[in-house]
Amino acid sequence: MIEVRGLRKSFGAHAVLCGVDLDVARGEVVVVLGSSGSGKTTLLRCLNFLAEYESGQIHIDGKLMWYEDEACTRKRPSREIAADRAAVGMAFQSFNLFPHRTVLDNITLAPLSVASRRLPKAQAEAEAMALLERVGLADKAHAHPATLSGGQQQRVAIARALAMKPKVMLFDEVTSALDPELVGEVLAVMRQLAAEGMTMVVVTHEIHFAFEVANRVVFMDEGLVAEQGDPRQVLLNPRTARLQTFLKRFKEVGYLAAELASGGGRAS
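Residue 145 in our numbering sits at position 145 of the sequence shown, and the numbers go up by one each step.
Incorrect hints may appear among the rest.
To be verified - What follows is a list of derived Cβ distance ranges for each label pair:
(1) D139 x N237: 17 to 23 Å
(2) T147 x R239: 47 to 53 Å
(3) N96 x R191: 30 to 36 Å
(4) Q244 x A188: 27 to 33 Å
(5) C18 x R239: 17 to 23 Å
(6) P99 x D21: 37 to 43 Å
Unchecked claim - Pairs of lysine-lysine, BS3-like flavour, derived with a Cα cap of 25 Å:
(7) K165 x K140
(8) K75 x K167
(9) K121 x K75
(10) K121 x K140
(11) K63 x K167
(12) K75 x K63
(13) K167 x K121
(14) K140 x K63
Hint data in this document are derived by calculation from the structure and do not stem from the laboratory. These numbers were taken from a predicted model, which means no experiment stands behind them. For each residue, glycine too, the CB sits at the ideal point set by N, CA and C.
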């Protein structure tokens, strides 16, 4: 579903992505880990073309995205970029909801106005209500974002992204701004999406989520994919010294190792 080759992105003289190669299969859940500044968020923003990159290619569902040529010298027309972006949903650390609009309005705005969908109002609202039911917030349809908890706002933001029927969902640290007791409700929605076969690339530090839900864990370091593989192998038996050092900050890794040693934990 996603094929990235030789992706390079710099901010001034600072190289953030240094030739990233990455494949994500249809229906696969890939969790991306890495220290601050490793390039993981920039990778997501390039996948959704919120950040323009200097060289490399991104194919989604077999289509060359964002540029008309593989040398990245000619951007596609703005209308095409907008249409293609609808296929790549993204949820952010900040919820980015319109505070003056209701939850229902926030979700229906894009399906009503973006040319690639432009639904009749009744259909857009029916689909939005189905999404709100899916994320457990049907009773909040006519509420305003300020009246919701952070976890509820994030679930609305995910529903809003799903309203465009994307082929791929990108998640950028969607639980990092939440109080600990609210994290679970957002992860539950993401687990449901994974179970339904949504292709997902997830930047997170939720180690349990990576271990239980991901098909593959990717570790980025200094703008490159430094290590990747099955969550059990990457999280419990890292090959590189850099990943070993990174994982030492997570007490969950020790808990997972102990659980597996006692016969519990994630199935092989």
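Between K165 and K140, is the straight-line Cα distance small enough, at 25 Å or below? 21 Å, holds
For a C-alpha distance cap of 25 Å, please report whether K121 and K75 respect it. Not satisfied, since the Cα-Cα distance of roughly 32 Å exceeds 25 Å.
Does 30 to 36 Å hold as the CB distance between N96 and R191, or does it fail? Cβ of N96 to Cβ of R191: about 23 Å, so the range 30 to 36 Å is violated.
Cβ-Cβ distance between D139 and N237: within 17 to 23 Å? Check failed, 45 Å falls outside 17 to 23 Å.
For K121 and K140, compute the direct alpha-carbon distance and say whether it is at most 25 Å. 19 Å, holds
Please verify whether K63 and K167 have alpha carbons no more than 25 Å apart. 12 Å, holds
Is 17 to 23 Å respected by the C-beta to C-beta distance linking C18 and R239? This hint holds: roughly 20 Å between Cβ atoms.
Please verify whether K75 and K63 have alpha carbons no more than 25 Å apart. With a Cα-Cα distance of about 14 Å, the restraint between K75 and K63 holds, given a limit of 25 Å.
Honestly, do T147 and R239 meet the 47 to 53 Å range at C-beta? Once the Cβ atoms are compared, 48 Å apart, the range 47 to 53 Å for R239 and T147 holds.
Would you check the hint for K140 and K63, treating anything up to 25 Å between C-alpha atoms as holding? 38 Å, violated
Is the Cα-Cα distance between K167 and K121 25 Å or less? The hint holds at about 23 Å.
For Q244 and A188, compare the CB-CB distance with the range 27 to 33 Å and indicate the outcome. Holds - the Cβ-Cβ distance for Q244 and A188, about 31 Å, lies within 27 to 33 Å.
The structure fails hints 1, 3, 9, 14 (numbered hints given earlier, in ascending order).
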